[in-house]
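Colleague: Going down the list, the sequences are from chains A and B. Going letter by letter, the first sequence gives residues 13 to 154 in the working numbering. Going letter by letter, the second sequence gives residues 14 to 430 in the working numbering.
No lab work stands behind these hints, which were simulated from the structure alone. None of the values given here were measured: they were computed from a predicted structure. Glycine residues also receive a C-beta, built at the ideal position from the N, C-alpha and C atoms. Mixed in with the good hints, there may be bad ones.
Said to hold, decoys possible - Restraint ranges, calculated between C-beta atoms of paired labels, are given here: (1) Pro-40/B with Ala-95/A: 52 to 58 Å; (2) Asp-84/A with Asn-104/B: 44 to 50 Å; (3) Met-41/A with Glu-421/B: 57 to 63 Å; (4) Ala-138/A with Glu-409/B: 47 to 53 Å; (5) Asn-65/A with Lys-362/B: 26 to 32 Å; (6) Ala-138/A with Phe-363/B: 54 to 60 Å.
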Amino acid sequence: MSARLTRPVDIALLASDAAIELDELLLGMDPILTKVHELMRVLPDLVKPADDNAPSSIDPTSALMVNQAFSDARWTNPIRNTAQLAQEVMNLTSQLGEAIRPGAGRSDLIQRLKNFALALSRTASAYGPSFEDLEPVQRFKI
Amino acid sequence: MDLLDYAEGRIDAFLHEIEKLGESEFPYSHSKQALDVLRIRYREEKGQLNRLRRLRNTPDAKDTIRERCGGSLRLLATDPSLLGFILRSTNVRNAFEVYGPLLKICRQLLGDQAKLILSSEWSYIPHTYPYSTITNLPEFVLIGLPAPESSNPLLLPLAGHELGHSIWRHRKIEEKIRARLMKAIENSLGHQEPSERSNELTTEDSDVPIHKWRNAHILAMHQAQESFCDFIGLGIFGAAYPNAFAYLVSPGYSGTRSARYPKLSRRVSDIKKAAGVYHVEIGPDYEHQFLDEADPKTSEQEPNDVQLADQASAAIVNDLISLAQDVVKTPTADSSSGTAEDRAERLRKFVPIEHSGGLANILNAGWTVYKELLHPPSSDQPDEGLPRDKIRALHETILKSIEVYEIETITAPADHA
């Protein structure tokens, strides 16, 4: 995919694919963690302002979506602003990187990370279009 | 859990449909390539579902299975309509002459990797699936024009607007205007007390919780995108764009306007404003062809999301005109060997134009002659209705001119192509 992955509908699919890999890891299946790594790459982008000097250039839907996922997965205390949100995402991706290291033996953490991935999949679906509006078509109308 | 079996059954049925469509005849390769990409993607999807089978008996994986099967269903909410679009793109009703020149413009503006599918659609509203919005076909731009007008090349400039939606994504225009739109909404909202609630997320430069401005921001962003696309259509096709716009849209549908589009009177006045900046001539009475529709019904709460969006998108129109101008600075026309009057004179005689210099030149000459047919300069005879035979002949001559242009492009030495 050449474009940045930011559409909620794509994030939802990526997060649930990552959850599959984490489930396989929990079962000791030794999966290739392609989607987990992709999620680690994409998550910071979702909460990064387009312009570093303008915090309000953040995508409001992505910010609310990730914040809601943290809340639903009971990952952290309530987050007040987008700078804290970005910091929390950095913490999460760092822990994810640590947990999936071969021999890390952190099944408790992997379970929490899987719960976050599933929460993100659900909130991304909820923040995306409703089922009947899912078609990405743009109509020329007035 | 049956849901995994159901999900797999749905994907099997979709793959079967792809196989059947693959037996069609494809007039150009991109429709076929789109099917090939979808086939690969859905085989992968089937692989993911097979992978879930190994988790089926694990109680802790039930949520994962449910969530992923939901994702699979969401893919199917979009993609069957793509198969229909691809199928209709092969119909002989389409004016295949225009495909090559439009693809050329598309690639000049989006890059050589862009792929285009054109179709005549059973909707009177032109529409597009823009570049990088179809999960499984990110490099494809799909543009549909109304089937009843499929033999009318004068409406092709509307494809410029549709292409604008792809440019919007490709050039990340949204990211460039996001902060300005938010600030415009914040200004309209006026002073807000800082939130005391601990679960209301704000940006560091504002006390207004994001959820309070997000809806207006989404509407304003949609409106800004539509205006940007109008400016792209104007920039690529010149006066032929507002003419095609008026043919399709004037005087306006009655009823309530969509909040995702600027009010029609503003849309038209913005096109005129951009025309002034781009040095495109539009008749002085242009806006009189249009009527406004009712605003969407909103609550009594003031200011409401639609008003906020209208104000915010209006505040950045000049920025959008500049952003679109930056894009269409890239020349989409080749050098031509004649003047606009020379080209119109050929069409008046129903003789195809040679060395036209591109689609925009042909279509602008076409509009000049079409308007002359509607209003003969020296006629004092009573209105005898549409000169249908001449209009049909004009359409055919324009299409022939486009074909000539494409042949000239193909046969030109490499450094001129």
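Colleague: Taking the hints in turn, state whether each one holds.
Modeller: To see whether the hints hold, each was checked on the structure:
no. : hint                                 : in the structure
1   : Pro-40/B with Ala-95/A: 52 to 58 Å   : holds (53 Å)
2   : Asp-84/A with Asn-104/B: 44 to 50 Å  : holds (47 Å)
3   : Met-41/A with Glu-421/B: 57 to 63 Å  : holds (60 Å)
4   : Ala-138/A with Glu-409/B: 47 to 53 Å : holds (52 Å)
5   : Asn-65/A with Lys-362/B: 26 to 32 Å  : violated (60 Å)
6   : Ala-138/A with Phe-363/B: 54 to 60 Å : holds (58 Å)
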